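Please build the complete structure, drawing on both the sequences and the hints.
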Amino acid sequence: MWIQSLFSYFKQAVFTLLGISFIMFSLTMLSTDDLAKQLITGSEDIIVSQEQIDAVKKELGLDRPFLVQYGSWLFHAVQGDFGFSYMAKKPVIDKILECLPATLFLSAVSLSMMLVIAVPLGILSAFKSNRFYDYLIRSISFLGISIPGFWVGLMLLWFFGLRLGWFPVVSSTVRLDTVILPALTLAVNMSAKYTRQVRSAVLEELGQDYVIGAKARGMSNFYILWKEVLPNALLPLLTIFALSAGSLLGGAAVAEIVFGWPGLGKLAVNAIEYRDFQLLQGVVIWIASIYMLINICVDLSYSHLDPRLKKKEHSHG
Amino acid sequence: MKKWMKTCISALLIGTASLALYGCGSDSQKSGAAPETLRIGVTNFADSLEPTDNYFAWVVMRYGLGECLVKFDQEMNPVPWLASSWSIGKDQLTWTFQINDRAVFSNGNKVTADAVKSSIERVFEKSDRARTFFDYTEMKADGQTLIIKTDKPVPGLPGMLADPLFIIIDTTVTDRDYQSMGPICTGPYMVKSFSKAKAEMEANPNYWDGTVPFKKVEIPSIDDPNTRAMALQSGEVDMAVNISPGDLKLFTDSSRYRISEIASLRTVLARINMSPGHPLQDPKVRAALISSTDRKTYCENLLQNTFITGKAPVPPSLNYGFDQLTDPNNYNPDRARQLLSEAGWIDTDGDGYVDKDGKPLEVNFVYYSSRAELPLFAEATQADAKKAGIKVNLKNVDYNILDSMAKKGDYDLCISNIITANTGDPAVYLNWYWKTNSSGSNPQNGSGFSSTAFDTLSDRLSQEFDPALRRQYMIDMQQIILNEGAGLFFGYPKTNMVSSTSITGAEILPADYYWLTKDIRPAKS
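The listed protein sequences correspond, in order, to chains A and B.
Heads up: the first sequence runs through residues 35 to 351, numbered per the working numbering.
Heads up: the second sequence runs through residues 1464 to 1988, numbered per the working numbering.
These are calculated hints, taken from the structure and not from any lab test.
None of these values were measured; they are calculated from a predicted model.
A few of these clues could be false.
[Said to hold, decoys possible] Just the calculated beta-carbon pair ranges, DEER-fashion:
hint	chain 1	residue 1	chain 2	residue 2	range
1	B	P1543	A	S60	51 to 61 Å
2	A	S180	B	A1835	54 to 64 Å
3	B	S1867	A	I57	43 to 53 Å
4	A	T50	B	K1822	25 to 35 Å
5	B	A1835	A	A142	34 to 44 Å
Beta carbons: idealized from backbone N, C-alpha and C, even for Gly.
In structure tokens, the structure reads:
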């Protein structure tokens, strides 16, 4: 049964990736009236001769029919060769792998920060529902959702980097002290959303009969929270957490650019800027794959976390 | 309940405090760092230090690693660098370069004419771009003398060899990873480690041209201009290249910072299509449109003095007669209206726009927005032209699409921000945009502009070696463009380098590849 589900997820993933890669390839080629020139000059407006442009087109196979180009790309991609980045003069896969550790590190730290901030605040907000602390936390989370990420980043830089001097302003080297501010920037916005989700999930569980029963039996709030409420509230929270993780692993472009963090988000923006379509294609496939992988993991974990779902699957099966 | 709340709050506080303490205790690279280390905040586009790939050679030079035979001075005149002198033979095809006898590579090998020859040959072998500068029929090395023969006269060859593509490297070293360590060059610094995000350089112990002031140089790439400014304010970097105009006022305290600012080699201009059937074919309408634009206000107010007001095709950073050129179409809205009236364009229906034979005067202005100033110039032109009665329709397109539209002549006005002289003189730029395009002979000129006088000067220029005469030809060519109203020159962007007063010698030059030089030194040394 478990293997059947996995196989079904795998089939879906393959078709989705094929669709994404085709759409991506078409869009890239549609917007490239003179892709070769951009590849030569990057963001510089330098006069380029037609001969140079033709040479690059030939070198990259841009003079071939669209479907031939896509087919060729796909043939190599399934063998793990995502092409050559013209911007970096390196294989695409090498460039992605170069940026991946920084992205994984930033994602892990910011997700941890998000949990440390959002879970206690969400629970507190639920327990103090419609009282001062709840209003305060909800207002702050509303603010956190509304403020754009780049502004939060710049303010954190200004305050903690420039005024207090606690953290370095430049985060171009991947270290524990350089990751804190970019991770916090991402965590602020995610925590704001997550706090509200934690609050509503916990609040819903607190109104259930089993909680009232537990209270009547004289159990402590701490016991009810950890042993009864949180396990039941975990399922909806897991989905949001997985989506956040997926989005972070695809790169957090704004924070990465503000802090100079060498991750996948910045790489994707550079690839767009330089019209490095093979690199862009590789990054998009990575993002799509990681999203799907995380979703599959979450779906599979549902039945493990909630035995009722497993039972339902069995009865349908 | 209260107990677990207290536990959570305490954990949060302890966590935050630990992070803060960690930050304080870490190597945050403040200004108190060892004085033998220089830190520079830049933006870096290169993933590799192989000089023949893309424009990566610019970074090899910017980071103080590579040097050429020739360099440009503050007015973009070619001056000796690894070559101590050069001359052209009577046949106007044979160039002789004398290589500086003192020059050595960072590995201690002498820079001989043979080494230079082999380095230039490697560039031609590996880069398609080399032949767009010049082509040679023969190259000979004898001791410190290098002879380059070309198949046709190339008056600007020394300037072309100043392009970073022609950085001189030791080709005898073959077991080196050029991508991550760069080639063996002759500059004051060598690569210790390199990635796109950060480079670490160390002093070249064999530097041939004086002492190297810093033992170590760290160059983080900081793409966001606000962050770059904050890094300089916090002391994490000692100098930064291209601080955004809005942030420059943070560095006006001359006891702490020094700003070096100049007009760059760039011109922001709108090409004007004067082909038959286009409204700007009429010289009076062209003159009216140019006269209606208040370019001084655009540059000084709208763009907060980050641009020098435009007048001529070539910016004032180059010594090509900017001050002596006269623009017959200076800002004068009354004259603009008068010219339109003389050309038969009058507002008969009272809608604010002039018309003739029942048709309003409409002009299509094509622009791209990846450079922030271009939409502003376009919108300002639209507003000013409206005051004169000309309707300007703005069309925002991708840069690549704009380029092909420009070649096809699918515009009335087409804006660009262009480097005018990356080989030292603006001959290529003037020819490509304004030399007659006869049956595709000059595809970059899609404007329909054709002037016999201009073409004659251009032909003379291609054969002329005398710098004074070449300069005069290019001044005359510019004056023809101005008289014909064959371009709307908005302005010239400024470029800057801001440094802490703890160092000296950080000077920005018009050529955008002399950043880390031997002249940048600690202030107290």
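Tested hints:
1. For B:P1543 paired with A:S60, a C-beta distance near 53 Å keeps the hint of 51 to 61 Å intact.
2. The hinted window of 54 to 64 Å between A:S180 and B:A1835 is violated, with their beta carbons roughly 25 Å apart.
3. Take B:S1867 and A:I57: their Cβ atoms lie about 24 Å apart, and the range 43 to 53 Å is violated.
4. Between A:T50 and B:K1822 the Cβ separation comes to about 53 Å, which falls outside the hinted range of 25 to 35 Å.
5. Here the CB-CB span from B:A1835 to A:A142 is close to 35 Å, well matched to the stated 34 to 44 Å.
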